[in-house]
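Asks: Each chain is listed here by its residues.
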Amino acid sequence: MASVALRVAAVRAAAGALRFGTTPVILDDQIALLGVWQRYLEGRLKRPVQFVQRGSYREILDLLLNGNVDVAWICGYPFVLNEAQLNLVAMPTYQGAPLYQSYLIVPEQDTITTSIVQLPGRVFAFSDPLSNSGHLVPRFQLIEAGKQPTQFFRRSFFTFAHRKVVEAVQVGLADGGAVDGYVWDTLVKQQPTATAGVRVAWKSARFGFPPIVARASLAAEESEAVAAALLGMGGSDAGVQLLRSLNIDGFQRGSVSVFDGIREMVRVSERATAGGRP
Amino acid sequence: MKLADVSYRVKIPLAISAVILLTELVVATALVTRAYSDARADLEASARNLSTVLARSLRDPMVRDDLWQAFEVIRTPLVARAADNPLQDIIILDAQSRVFVSSDPRRIPVLTPAQSLDAALVALASNSQATGFDLVVARNREQGGMAAAGPILADDDTRLGTVLLSFDAERYNKRLQSTLVQLALISLPGLLLLIPLGWYWGKRMAEPLADMAQAMSRVGRDAPAAILQDLPAESRDEIGVLAQRARGMLDQLALKESMEREMIASERLAAVGRVSAAIAHEINNPLGGMINGIDTARLHGQPDAVTRKTLDLLERGLEQIRTTVSALLVEARLDSPQLSAQDWQDLRTLIEPQLTARALRLTWRVFHSGSERLPLPAHLIRQLVLNILLNAVKSANQGGRVALIAMRSTGRLSIEVSNTGAPIPPAMLARLFEPFVVANERDGKRSYGLGLWVCYQIVRQLQGTIIAESANGRTRFVVSLPIDKGAANTPTAAQET
Chain A
0 MASVALRVAA VRAAAGALRF GTTPVILDDQ IALLGVWQRY LEGRLKRPVQ FVQRGSYREI
60 LDLLLNGNVD VAWICGYPFV LNEAQLNLVA MPTYQGAPLY QSYLIVPEQD TITTSIVQLP
120 GRVFAFSDPL SNSGHLVPRF QLIEAGKQPT QFFRRSFFTF AHRKVVEAVQ VGLADGGAVD
180 GYVWDTLVKQ QPTATAGVRV AWKSARFGFP PIVARASLAA EESEAVAAAL LGMGGSDAGV
240 QLLRSLNIDG FQRGSVSVFD GIREMVRVSE RATAGGRP
Chain B
0 MKLADVSYRV KIPLAISAVI LLTELVVATA LVTRAYSDAR ADLEASARNL STVLARSLRD
60 PMVRDDLWQA FEVIRTPLVA RAADNPLQDI IILDAQSRVF VSSDPRRIPV LTPAQSLDAA
120 LVALASNSQA TGFDLVVARN REQGGMAAAG PILADDDTRL GTVLLSFDAE RYNKRLQSTL
180 VQLALISLPG LLLLIPLGWY WGKRMAEPLA DMAQAMSRVG RDAPAAILQD LPAESRDEIG
240 VLAQRARGML DQLALKESME REMIASERLA AVGRVSAAIA HEINNPLGGM INGIDTARLH
300 GQPDAVTRKT LDLLERGLEQ IRTTVSALLV EARLDSPQLS AQDWQDLRTL IEPQLTARAL
360 RLTWRVFHSG SERLPLPAHL IRQLVLNILL NAVKSANQGG RVALIAMRST GRLSIEVSNT
420 GAPIPPAMLA RLFEPFVVAN ERDGKRSYGL GLWVCYQIVR QLQGTIIAES ANGRTRFVVS
480 LPIDKGAANT PTAAQET
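Quick note, the sequences are listed as chains A and B, same order. First residue of the first sequence: 0, per numbering that gives the first Met the number 0; consecutive thereafter. First residue of the second sequence: 0, per numbering that gives the first Met the number 0; consecutive thereafter.
What the hints contain is simulated information worked out from the structure, not anything from laboratory work. The model shown is predicted, which means the values in this text are computed figures rather than measured ones. One or more of the hints may lead you astray.
A few chain B residues facing chain A, derived, Cβ under 10 Å [to be verified]:
id: 1; residue: Asp65
id: 2; residue: Phe70
id: 3; residue: Glu71
id: 4; residue: Arg106
In silico negatives: residues of chain B with every beta carbon more than 12 Å from chain A [said to hold, decoys possible]:
id: 5; residue: Asp64
id: 6; residue: Arg97
id: 7; residue: Pro104
id: 8; residue: Arg105
id: 9; residue: Ser257
id: 10; residue: Gly300
id: 11; residue: Leu328
id: 12; residue: Arg347
id: 13; residue: Pro374
id: 14; residue: Arg400
id: 15; residue: Phe435
id: 16; residue: Val453
Stretches of chain A that chain B covers, calculated by requiring three or more beta carbons in the stretch to come under 8 Å of a beta carbon on chain B [claimed, not checked]:
id: 17; segment: 148-162
id: 18; segment: 210-216
Every residue, glycine too, gets a C-beta built ideally from N, C-alpha and C.
So here's chain A without its partners, still in its complex pose (with noise of 0.2 Å):
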């Protein structure tokens, strides 16, 4: 399998190579897209780029955390939780700005559901506990409305992966999903076929769009060398190709204040409720 092989290059990763993590927070399952990306990189930083992934957010940030990846694309929620050992490297632009929304997706023969409060006693998808648009989306969306959210739905589940919960709602296991706009909106382009029968059945407020953050151990001057790398791929044919295969407008450097949204749901939310668990 693609994701072995990347994760056995990881951890052979050559001397000096630069180890860039990736999360499902884009369709990091395109293989041949991370090839080009990764060899695009190389050029411009003049080093290896070894790109890494893993079953969950929750492991790409450890890796970060623990200095074995020096950069990752992550999602906004755990950048939040752990602003103090991460460094803002880009932020990419999508639709004109580094934003974008949870939606609320259910089956097309759900034609009645507008909001996630009137699915209770359902199965619900949620994507990866340290999603925002997955999981403190809905979240908050429960809390805000005065309902439990482990109480609301009779089961929920994570599928560690947006795509896998457009599935997860197309195939009858789950009655309604929390997905990223992002990654719907690109499916919706890219593959049709993964969203046929599947609805957006509500989106929510723009949130800071998933940022590429470096450990704040790293070099000030390797991250701002991967940051020129990311800003300059307007500028080329390369760069141009690698934006609209990955759906986005292209990086900028971005203010850790456009995260204030998912702040103000964490705070809410863990007001709410002691631990994590949906």
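Could you slot chain B onto chain A? The hints should help.
Replies: Coordinates of chain B only, in the frame set by chain A:
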């Protein structure tokens, strides 16, 4: 129509065809049974295998309560299955006998109680405390066909849940049906070949029997000789034996019929003999008187010239009557000398002129030589043989052949006289020895007069036999006489009178 009335021409082919069909049926039944048990064993083996693999793969997701991974695990076998694989659903029950996850979550949603599943699955689920693999096959389709169950156990054998597999009976049956269709396609050409072959063989076997029956049904209606030709060819099987026996019986029948004909002929001849002897005596008595009267009138009367002439005329007429009548009555002269070699010589000398006149060649083979004498009356044998010889010479074609062969075997003298030439017509042959027989032929009438009648009377008197045959351009008279002094001298009934 009863089966017993049906011809073997039909019965044997039918029996062979029936045996072929029966064999095919038995073989097909065995193969079908085998196919069924194979399919069942296949299903059980694959179900057991799948159940074991799933139970191991699901251990971690179950422990971690990872619904999505469990779903991905059970989805794989269904995505990867072949089109004819009857596997329908995979359902995982948790330790509380609720659906943890199913391969078709729309139909069987998570947390569904096991009791609301298909009957076959419920039966297995209720038995879910069993620790081994279990396969049930429902009798009818409504009950959900077939299902299998296997436990999901943690490392310490704690029961985490149950794997339930359900199978689509329709697809399972369709798979079987395609096997059956294949079977039929394989056996059909065999049948199409074997049945006509069996029918042909059967017919060939029955043919001689039918011919036999046909031939035997003609007995009594047609001549035995004609029936003989239509009997089956010779063989050593049962029908051959039967035909052999039939041939023997037909031969005997032909012999019997010819003996009957001979008997009728000889009885008629005997009757004719008695009548003619009686008439001859009745004529002879007044005849003697009349001839005596004429003598007396000639000697003691004074007849004038006219009367004398009349008396002479009467006497010649009466003498002619006497000759004719005495020819009818063959008289044995008891004082006849015994047959000697000279007698044969005389016979040959007597016919020589006639042979020369008609340019006939003679074959003469006589055993008799030297001074030996046979105890047979010489004048009767001479009369007999001369008559037949003259007859042969007369009947022979110009430049043809006449033969006489006389042989002596134990106690019998056999004389065979033959000639070439036009045959005696069959109708004539039957009445040949009757007096004054007249045969109508293409070139006019052919009269046999008294010659052969006399021959017959002589042979009878000597207690022998005479037969005449005429076939293939050759006519043969065969006389066989017993050589017995007593027999030769026994006077006939005609003479005693």
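Asks: All the hints need checking, so say for each whether the structure fits it.
Replies: Against the structure, the hints:
| no. | hint | in the structure |
| --- | --- | --- |
| 1 | Asp65 | 7 Å, holds |
| 2 | Phe70 | 6 Å, holds |
| 3 | Glu71 | 8 Å, holds |
| 4 | Arg106 | 8 Å, holds |
| 5 | Asp64 | 8 Å, violated |
| 6 | Arg97 | 10 Å, violated |
| 7 | Pro104 | 4 Å, violated |
| 8 | Arg105 | 3 Å, violated |
| 9 | Ser257 | 106 Å, holds |
| 10 | Gly300 | 164 Å, holds |
| 11 | Leu328 | 136 Å, holds |
| 12 | Arg347 | 132 Å, holds |
| 13 | Pro374 | 133 Å, holds |
| 14 | Arg400 | 118 Å, holds |
| 15 | Phe435 | 127 Å, holds |
| 16 | Val453 | 130 Å, holds |
| 17 | 148-162 | holds (count 6) |
| 18 | 210-216 | violated (count 0) |
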